[in-house]
Amino acid sequence: MHYKAGDSVAGFTVKRAEHIAEIDSAVYLMEHQILGCPLLAIKNDDPNKTFCIAFHTIPTDSTGVAHILEHAVLSGSVKYPIKDVFGELHRGGLMTFLNAMTGADITYYPFATKNRKEYFNLMDVYCDVVFNPLLTRQTFDQEGYHFHKEAVDQPLAYQGVVYNEMKGAFSDPIRLIFHHLFRGLMPGSTYAFESGGDPAVIPELSYEQFRNFHAAHYHPSNSMIFVYGDAPLEEEVDFLHANYLNRFAEKEQRRTIDPGTIITEPVLIEDRYGVETTDTANKTYLAVGTLVGTVSQRERNAALQVIANILYNSDGSPLKKRIMESGICQDFGGLYLSSSSFNTLMITYLVGSEPDYLERFTEIYQQALTEIAQNGIDQELVLAELNKFEFTVREEAGKAQRGLDLMGKAQTALKYGNDPFAALTIDELLRSIRAKALNERYFETLIQQSLLNNKAQATVTLIPDPDKPRQIAATEQRALKNYEKTLSEKDIEQLISYTEELLAHQRQPNSKADLALLPSLRRSDLPPSVEYQEAQSQEMFNSQVLVNELPTRRISYLDVGLDFSRVPPRLLPLLDLFGVIITEIGTSRLDYMAFAKKAATVTGGLSHAINTYTHRGAPDQVRCVLWLSLKALPEYLEQAVDLLAEVLADVSLANRLRIKEIVQREYAWAEHGAQSEGYQLASHRVFSHLSIAGRYQELCNGITAHRYLKTLATDYDRYENDFLADLQSMAELLFTRDNLIFALTAEQPEITRFASLGDRLTGALAAGGDLPVFLPDEGGFPRHEAFVTAAEIVYNVQGGVLFDGDGYHGSFEVLKAYLSRDYLWNTVRQIGGAYGCFIQFSHITGNCAVISYRDPHVRKTYDAYGAMADITADLDLSDQALEQLIVGAYGALNPHQSVAARGATARNEFLNGIDRNHKQARLNEVVAATPAELRGFADYFHSFQQRCFRATIGNRKKIDTDKDLFARISEL
Numbered sequence: 011m012h013y014k015a016g017d018s019v020a021g022f023t024v025k026r027a028e029h030i031a032e033i034d035s036a037v038y039l040m041e042h043q044i045l046g047c048p049l050l051a052i053k054n055d056d057p058n059k060t061f062c063i064a065f066h067t068i069p070t071d072s073t074g075v076a077h078i079l080e081h082a083v084l085s086g087s088v089k090y091p092i093k094d095v096f097g098e099l100h101r102g103g104l105m106t107f108l109n110a111m112t113g114a115d116i117t118y119y120p121f122a123t124k125n126r127k128e129y130f131n132l133m134d135v136y137c138d139v140v141f142n143p144l145l146t147r148q149t150f151d152q153e154g155y156h157f158h159k160e161a162v163d164q165p166l167a168y169q170g171v172v173y174n175e176m177k178g179a180f181s182d183p184i185r186l187i188f189h190h191l192f193r194g195l196m197p198g199s200t201y202a203f204e205s206g207g208d209p210a211v212i213p214e215l216s217y218e219q220f221r222n223f224h225a226a227h228y229h230p231s232n233s234m235i236f237v238y239g240d241a242p243l244e245e246e247v248d249f250l251h252a253n254y255l256n257r258f259a260e261k262e263q264r265r266t267i268d269p270g271t272i273i274t275e276p277v278l279i280e281d282r283y284g285v286e287t288t289d290t291a292n293k294t295y296l297a298v299g300t301l302v303g304t305v306s307q308r309e310r311n312a313a314l315q316v317i318a319n320i321l322y323n324s325d326g327s328p329l330k331k332r333i334m335e336s337g338i339c340q341d342f343g344g345l346y347l348s349s350s351s352f353n354t355l356m357i358t359y360l361v362g363s364e365p366d367y368l369e370r371f372t373e374i375y376q377q378a379l380t381e382i383a384q385n386g387i388d389q390e391l392v393l394a395e396l397n398k399f400e401f402t403v404r405e406e407a408g409k410a411q412r413g414l415d416l417m418g419k420a421q422t423a424l425k426y427g428n429d430p431f432a433a434l435t436i437d438e439l440l441r442s443i444r445a446k447a448l449n450e451r452y453f454e455t456l457i458q459q460s461l462l463n464n465k466a467q468a469t470v471t472l473i474p475d476p477d478k479p480r481q482i483a484a485t486e487q488r489a490l491k492n493y494e495k496t497l498s499e500k501d502i503e504q505l506i507s508y509t510e511e512l513l514a515h516q517r518q519p520n521s522k523a524d525l526a527l528l529p530s531l532r533r534s535d536l537p538p539s540v541e542y543q544e545a546q547s548q549e550m551f552n553s554q555v556l557v558n559e560l561p562t563r564r565i566s567y568l569d570v571g572l573d574f575s576r577v578p579p580r581l582l583p584l585l586d587l588f589g590v591i592i593t594e595i596g597t598s599r600l601d602y603m604a605f606a607k608k609a610a611t612v613t614g615g616l617s618h619a620i621n622t623y624t625h626r627g628a629p630d631q632v633r634c635v636l637w638l639s640l641k642a643l644p645e646y647l648e649q650a651v652d653l654l655a656e657v658l659a660d661v662s663l664a665n666r667l668r669i670k671e672i673v674q675r676e677y678a679w680a681e682h683g684a685q686s687e688g689y690q691l692a693s694h695r696v697f698s699h700l701s702i703a704g705r706y707q708e709l710c711n712g713i714t715a716h717r718y719l720k721t722l723a724t725d726y727d728r729y730e731n732d733f734l735a736d737l738q739s740m741a742e743l744l745f746t747r748d749n750l751i752f753a754l755t756a757e758q759p760e761i762t763r764f765a766s767l768g769d770r771l772t773g774a775l776a777a778g779g780d781l782p783v784f785l786p787d788e789g790g791f792p793r794h795e796a797f798v799t800a801a802e803i804v805y806n807v808q809g810g811v812l813f814d815g816d817g818y819h820g821s822f823e824v825l826k827a828y829l830s831r832d833y834l835w836n837t838v839r840q841i842g843g844a845y846g847c848f849i850q851f852s853h854i855t856g857n858c859a860v861i862s863y864r865d866p867h868v869r870k871t872y873d874a875y876g877a878m879a880d881i882t883a884d885l886d887l888s889d890q891a892l893e894q895l896i897v898g899a900y901g902a903l904n905p906h907q908s909v910a911a912r913g914a915t916a917r918n919e920f921l922n923g924i925d926r927n928h929k930q931a932r933l934n935e936v937v938a939a940t941p942a943e944l945r946g947f948a949d950y951f952h953s954f955q956q957r958c959f960r961a962t963i964g965n966r967k968k969i970d971t972d973k974d975l976f977a978r979i980s981e982l
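In terms of my numbering, the sequence shown opens at residue 11 and continues consecutively.
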């Protein structure tokens, strides 16, 4: 240990110092001698240095002031008077993580980087923006909300990044459930308020209140500081004290949460959420939330997490079985919130239900839990979920952002006055839980005490309402009209003038002098060669295996790939469903509950994914793979392989009821995803126009697949026999010996073992023989389409072929960084108010799409896309700006990944024909990029614009306002 308790280090006193073997780190808890703020240091040899400063931000209303302030402090400070510091940092750097987040009672500012120079640069920037932000009126109006009116004949509107973000969030029924449960369970408390901001309340926030909140909450005495990794601790604390903390002369009070009232009797809550269709059958959400304890109860909380996995996540759950067999919902789930607030919550919910089923739901819930508590939990199920929980804990050590993970655990403890050192360990706690759970009635007693003998419970009914979107819009318009009535003609002129000033301010670039103040890396700081993991293609048991030998902590990551090019296109919309079903349904020997218990016992999880691979240099050469993936500890590797072999050879599709439940569950979540992440469906539709691979993805994961699932789920009995026959046909086509490819990421002992185990996966399968390969047709979709949902915002996607066969050069990655992180960020997000906008591009196919996220506009956004050619042609970058973009593009091509992700990337690059030389050549072209090369891509964007395809998903009114942009508008 470098320091001991009592040592004084650069204005801090070491309060405690320990080496924690479980995380192989020296851990120090320090306290600032004047300000009293704690600093927790986790020091080890991890080069991914991580820093976080967090503030106790305690809301007293739902205006979202903490959330708006999180955005606003990153929009300029005394030392760095740049309009958008966060955006500038994102444009160029080697950061492996950079963000800011607002929780229910805290705001975090974390980052991570492997570059030491950048680490201290970013520490300086983050400290200055939180302690010395400019917080201008323009920043408040842009990031929070403002009254927006560009002309006398244009309607008044609310505009603001957080305002639009939260309109999108409040379109999500799951988000609404959490909102109501926190308010219902803890009335009058800190947690009864929406820290992110309720769109109906955000306009009540004043600029003065916004500034006062910063003054009250962003003092160092109200902060917690965390450092992690291999940077010298004395340099870190000296930097913080000398540059920032010593400027504050006095200690201030730490802000504390308001506990409010813990309810002593159950409460019922009912609300409505928007849907676009008049068919509201099976679209109600029901939920039960229970306050079960506090964050201080570590062992109890870990045990309740395992109990939550047993009750909600396992197909072996008796509660889940009772609920699903009752027919009152399309899906059932739940979770345990052990760190979101001081009080911990167990939440149970139904998706795809009816309001009239509430009483039946609560009745089954109570009966099933009572039977579990009285009769006991199946010991096989307990063992399975204990194993799975321990697997998750063991795998955490290999996370890419291990520092953030450990900081999160320590921060929760420190925030509420608990022991952060204990929070960094878990082995002894797990041993205790395992012994009690397997030898006593530990889990059963906790269920009885926490869930049955507990009246601190809230029940939420969330009813679908086709009129809700109109009501929300009408309420907003009424508020705006009432405000406008209070304005004189002169007031309106001033408002229009201010709107113009704000837009001009947003469009005005930062001065070169101001930008020069921001510290950044140069080309000379970049490593000369790329980090590259190359998959080795080996022949084992007469099969191709892509092997990655990596330090996985003895965990094996196995992928079995099934080529689906032999599947007729008419069956492809059910491929994703097929993947879900075969990894859950069981076999002739194991029913779905026994299969779930076995899978949880011997694997860290079974999953599936659909990928299409276009080979570099051959855009028409496409390989289509359905991956079945598992991960296993060495002691269970053989059993895990045997279980997957049993799926391939003997999957059973006989349980018609369970398959129906899965279909209905998947549809319920697909509907939810279309509301909250609609850009993915729009992207698949656009890319379907551009390539064979895109057509495959549209059929498997796009709007075609979504509509197939909708038709099947809403009239399942009619289509059941045909669907089951199609599933069987799919299995017969895919589960053949010559149709397999394998990928394995593991350490050498497990690689050697797998070579002798792999034939168990192929031995019982038929050869397959020569079968025809099918190519999907072009779909016949209109060039420009819009799809209506009940969301309050839209997602806009425009795509096309940017480089058709030639023209691509690595320097384009630098231009892409500029367009995404500068032009689109400023135009679509900062000025337009969308939550995000980015470019999706494949250098292999040359296909490109521009995507906006939670966007209040349609035409304005497409106009911004259309201007990219001219923006590129007129591009005039300073040397510093160019270097910043080069560094950012370099970092994007050389990401920091977990061991498992490195293996998956190596697998994918092998199948795409990407090798070390190709990757290094792209990197060299990035580093050598010139302004002339970037401007040279303007003609490609002119052609892109002329030949583009569009798809918008979202709010009907916004789409109808600009309906001339689309050849077809339809309900999703």
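Heads up, some of the hints might be wrong.
To be verified - Listed next, the in silico DSS-like pairs over lysine-lysine satisfying Cα-Cα at most 30 Å (straight line):
no., residue 1, residue 2
1, Lys-124, Lys-500
2, Lys-522, Lys-25
3, Lys-870, Lys-478
4, Lys-500, Lys-973
5, Lys-14, Lys-331
6, Lys-124, Lys-25
7, Lys-331, Lys-465
8, Lys-89, Lys-14
9, Lys-491, Lys-478
10, Lys-25, Lys-425
11, Lys-127, Lys-89
12, Lys-446, Lys-465
13, Lys-331, Lys-25
14, Lys-124, Lys-261
15, Lys-720, Lys-491
16, Lys-409, Lys-419
17, Lys-495, Lys-478
18, Lys-670, Lys-720
To be verified - Here are the in silico distance ranges between beta carbons for each label pair:
no., residue 1, residue 2, range
19, Ser-739, Gly-683, 21 to 29 Å
20, Asp-787, Arg-126, 27 to 35 Å
21, Pro-519, Lys-720, 30 to 38 Å
22, Leu-513, Arg-563, 28 to 36 Å
23, Thr-721, Arg-126, 54 to 62 Å
24, Arg-480, Lys-409, 29 to 37 Å
FYI, nobody ran anything at the bench for these hints, they're computed from the structure. Values in this document were obtained by computation on a predicted structure and should not be read as measured data. Ideal Cβ placement from N, Cα and C applies to all residues, glycine included.
Where does the structure disagree with the numbered hints, that is, which hint numbers, in rising order?
-> 1, 2, 4, 5, 8, 13, 14, 15, 20, 21, 22, 24
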